[in-house]
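Colleague: In order, the protein sequence lines correspond to chains A and B. 301 is the number that the numbering used here gives the last residue of the first sequence; the numbers go up by one with no jumps. 288 is the number that the numbering used here gives the last residue of the second sequence; the numbers go up by one with no jumps.
Hints were generated in silico from the structure; no laboratory data involved.
When the alpha-carbon atoms are kept at most 20 Å apart in a straight line, the in silico SDA-like pairs for lysine to any residue are as follows:
1) 126(B) / 202(A)
2) 81(A) / 131(B)
3) 125(A) / 90(B)
4) 126(B) / 207(A)
5) 81(A) / 101(B)
6) 126(B) / 87(A)
7) 201(A) / 121(B)
8) 81(A) / 86(B)
9) 125(A) / 144(B)
10) 125(A) / 97(B)
11) 201(A) / 123(B)
12) 81(A) / 132(B)
13) 81(A) / 88(B)
14) 201(A) / 117(B)
15) 201(A) / 72(B)
16) 236(A) / 173(A)
17) 125(A) / 131(B)
18) 125(A) / 87(B)
19) 125(A) / 101(B)
20) 201(A) / 119(B)
21) 81(A) / 129(B)
22) 81(A) / 133(B)
23) 201(A) / 126(B)
24) 299(A) / 55(A)
25) 81(A) / 102(B)
26) 201(A) / 122(B)
27) 126(B) / 204(A)
28) 81(A) / 29(A)
29) 201(A) / 161(B)
30) 125(A) / 98(B)
31) 81(A) / 82(B)
32) 246(B) / 163(A)
33) 81(A) / 130(B)
34) 246(B) / 65(A)
35) 201(A) / 164(B)
36) 125(A) / 99(B)
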Amino acid sequence: MSKGEVIAGYLAPHPPHLVYGENPPQNEPRSRGGWETLRWAYERARATLDELKPDVLLVHSPHWITQQGHHFLGVKELSGKSVDPIFPNIFRYTFELEVDVELAEAICHEAGQMGLTAKMMRNPKFRVDYGTITTLHMIRPQWDIPVVGISANNSPYYLTTQEGLAEMDVLGRATRKSIEASGRRAVVLASNTLCHYHFSKEPEPPEDMSQEHPENMEGYLWDMRIIDLLRRGHIKETFDILPRFIEEAFAEVKSGAFTWMFSAMDYPELAGELHGYGTVIGTGNAVMEWNLVKAGLAKAA
Amino acid sequence: MESSQSGIGKSRLNLINLMSVVSAFLIPGSPLPYLQQDNPPWRTLAEAMNSASVSLARSEPDTVVVYSTQWIAVLDQLWQTQPRLEGSHVDENWHEFGELPYDITIDTELTAAIIPITGTVGIRSKGVNYNAFPVDTGTIIAANFLNPGSLRQMTITSNNVYHSWDITKELGRLTAQVAGEMGRKVAIVGVGGLSGSFFRDIIDISEDRIARESDDAWNNKILNLMKAGDSDALYKVLPSYIEEAKVDMGFKHLAFILGSIDEQFSGATIYGYGPLYGAGGAVVEFHT
Chain A
1 MSKGEVIAGY LAPHPPHLVY GENPPQNEPR SRGGWETLRW AYERARATLD
51 ELKPDVLLVH SPHWITQQGH HFLGVKELSG KSVDPIFPNI FRYTFELEVD
101 VELAEAICHE AGQMGLTAKM MRNPKFRVDY GTITTLHMIR PQWDIPVVGI
151 SANNSPYYLT TQEGLAEMDV LGRATRKSIE ASGRRAVVLA SNTLCHYHFS
201 KEPEPPEDMS QEHPENMEGY LWDMRIIDLL RRGHIKETFD ILPRFIEEAF
251 AEVKSGAFTW MFSAMDYPEL AGELHGYGTV IGTGNAVMEW NLVKAGLAKA
301 A
Chain B
1 MESSQSGIGK SRLNLINLMS VVSAFLIPGS PLPYLQQDNP PWRTLAEAMN
51 SASVSLARSE PDTVVVYSTQ WIAVLDQLWQ TQPRLEGSHV DENWHEFGEL
101 PYDITIDTEL TAAIIPITGT VGIRSKGVNY NAFPVDTGTI IAANFLNPGS
151 LRQMTITSNN VYHSWDITKE LGRLTAQVAG EMGRKVAIVG VGGLSGSFFR
201 DIIDISEDRI ARESDDAWNN KILNLMKAGD SDALYKVLPS YIEEAKVDMG
251 FKHLAFILGS IDEQFSGATI YGYGPLYGAG GAVVEFHT
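Kindly generate the complete structure, drawing on both the sequences and the hints.
Modeller: Spelled out as structure tokens, the structure:
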């Protein structure tokens, strides 16, 4: 078996509004569009993902929150209807997904070896969270690639931000090591928004884009500063200022997916491809790609 | 935390509230005592829930009103308006212990009456009526323990994370007021924990205990004040307790209860107190 590799990482935020705006058959509510710049950004990301031909997609979602350890979906086939508890008016999505249980178990085991509390989720009636589903739909609406779903342990909130993100770094290393041993060509997806300040009132209809803009200027400026660093490949500098970004912009990257993804890629000082940026109910969202194949850091299919 | 109130007509409203609230309970929303009733540290809480259930039934409410800290809302104050909620839920953290079946009948009339009224105090409320809406673990635990067989209809509301203690107390007050004006007798149930420190690693569940001795001391102090009906002393220490013991969701579940009974209680029965993977939980009935 050849050595497996992380072949790319995507910052792939999960506002359910993007699914709603697209009107896929799986989602009950109908819209007149909206959030096009972000949805078109995902169209570009879908095209590059397709070229990469990964064996597996791994997603770390802030909406599967666990207190005792880092959990992994561990049932081969999961299906059901996911209703967003915050925005049930726009996201009621019927899903079916296939889990790469073997890889999930390997990462779970490796995380345990590295000192983390880790657990497999084996209950077939488990309801997959809307963050996982939205990110996966937006990046690969065909649902034809097996996935590994990883929970967001609440350590960055329960401990200090730095202590929590240190755990996510370990989780990323466990992920990378397990992928390499598996022979899989893997794409890692960080399901995170950037600045997370949002409006407290939803427009009617929700897709009224005349009401959509950054919730505040400072948050927007922070997003641009971070994106600028990422576009220039200044990854170390990004992580140096990440705690301030998290604190001042209430950034959702606090939940760990962003750190986990970069750790799984071994923090390459590589310029990220910005597919697009936009706000959703005031929050800042960027779809970005780090293509390790294009950069010569991973092999092509 | 303000314990006083003012305004024209408050006395009349107090009376209406006290007449409508026939019982009031504080319970933990953890699924552990329900799913693992044979585990000794959690059996105490399961038995306490059963005792509270008997007392609730004796109070003969028309409707059980639940405020659950685990139903997180962000934009509005959400209320269940689907007439019947039926299904099975798997807890996000404790999935290995099995499913939580539920069958809940909503008091749609009472809920519909409350929703527009909250606007009078600046709280925007919204009903949710969707199949497969993810009912939270805390609500299901309240329903299954305190309303077995789904004999009574329920009104269920959420925890808007941006709402303060005082706003939440106001919600409780308004809920009781509307119930009183409609002639509904209601049991109020605030669902949430006490001290919030928990074990992050896998433990032997048969040896569960409160994670920190200082938390245990704080929890006991608060429960004793409730038991004695010493509301003045309780109000005085609550801010320190909430901060030092990392109380679940700022103890807003207590705010909802206190609002509903106009902060008037002569004492409380502590049916049980115990650990929930290191965190504290208690089953308490307030006597008005």
